[in-house]
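Quick note on the working numbering: the sequence shown kicks off at 430 and runs consecutively.
Some hints could be false.
Derived Cβ-Cβ restraints for the label pairs, each shown as a range [claimed, not checked]:
(1) E461 / L439: 37 to 45 Å
(2) A476 / L446: 19 to 27 Å
(3) A476 / A447: 30 to 38 Å
(4) D450 / A476: 12 to 20 Å
(5) L439 / G462: 49 to 57 Å
(6) P434 / M463: 39 to 47 Å
(7) V456 / P434: 29 to 37 Å
(8) G467 / D432: 52 to 60 Å
(9) V456 / D432: 47 to 55 Å
(10) N443 / A476: 23 to 31 Å
(11) P434 / R455: 29 to 37 Å
(12) E441 / G467: 15 to 23 Å
(13) E461 / E441: 28 to 36 Å
(14) I435 / G467: 27 to 35 Å
Simulated from the structure, these hints should not be mistaken for laboratory data. In this text, a Cβ means the ideal position worked out from N, Cα and C, and glycines have one as well.
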Amino acid sequence: MSDDPILRKLDEINEALAVIDRNLKRVLELTEGMEEQGSLRPHMLKAVGAK
Numbered sequence: 430m431s432d433d434p435i436l437r438k439l440d441e442i443n444e445a446l447a448v449i450d451r452n453l454k455r456v457l458e459l460t461e462g463m464e465e466q467g468s469l470r471p472h473m474l475k476a477v478g479a480k
């Protein structure tokens with residue numbers, strides 16, 4: 430961790446983005462499973478960016 434406040438803030442932002450990225454990947458995994466089971470409607474897939 431740096432003593433520079435800007436670099437510290439960038440580190441915090443980067444960590445938050447990593448959490449968001451992991452969560453979005455998990456949502457896509459779950460929606461793909463739902464799609465395979467036929468329990469997810471096409472408009473719901475578009476909302477989460479699944480193909």
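Status of the hints after comparison with the structure:
1. E461 / L439: 37 to 45 Å: For L439 against E461, whose Cβ atoms are near 33 Å apart, the range 37 to 45 Å is violated.
2. A476 / L446: 19 to 27 Å: holds (21 Å)
3. A476 / A447: 30 to 38 Å: Cβ of A476 to Cβ of A447: about 23 Å, so the range 30 to 38 Å is violated.
4. D450 / A476: 12 to 20 Å: With a Cβ separation near 18 Å, D450 and A476 satisfy 12 to 20 Å, so the hint holds.
5. L439 / G462: 49 to 57 Å: violated (35 Å)
6. P434 / M463: 39 to 47 Å: Between P434 and M463, where Cβ atoms are some 43 Å apart, the hint holds.
7. V456 / P434: 29 to 37 Å: Holds: the Cβ-Cβ distance is about 33 Å, inside 29 to 37 Å.
8. G467 / D432: 52 to 60 Å: holds (55 Å)
9. V456 / D432: 47 to 55 Å: violated (37 Å)
10. N443 / A476: 23 to 31 Å: Given a distance of about 27 Å, which is inside 23 to 31 Å, the answer is holds.
11. P434 / R455: 29 to 37 Å: holds (32 Å)
12. E441 / G467: 15 to 23 Å: Cβ of E441 to Cβ of G467: about 41 Å, so the range 15 to 23 Å is violated.
13. E461 / E441: 28 to 36 Å: holds (31 Å)
14. I435 / G467: 27 to 35 Å: violated (49 Å)
Violated hints, in rising order: 1, 3, 5, 9, 12, 14; the structure is consistent with all others.
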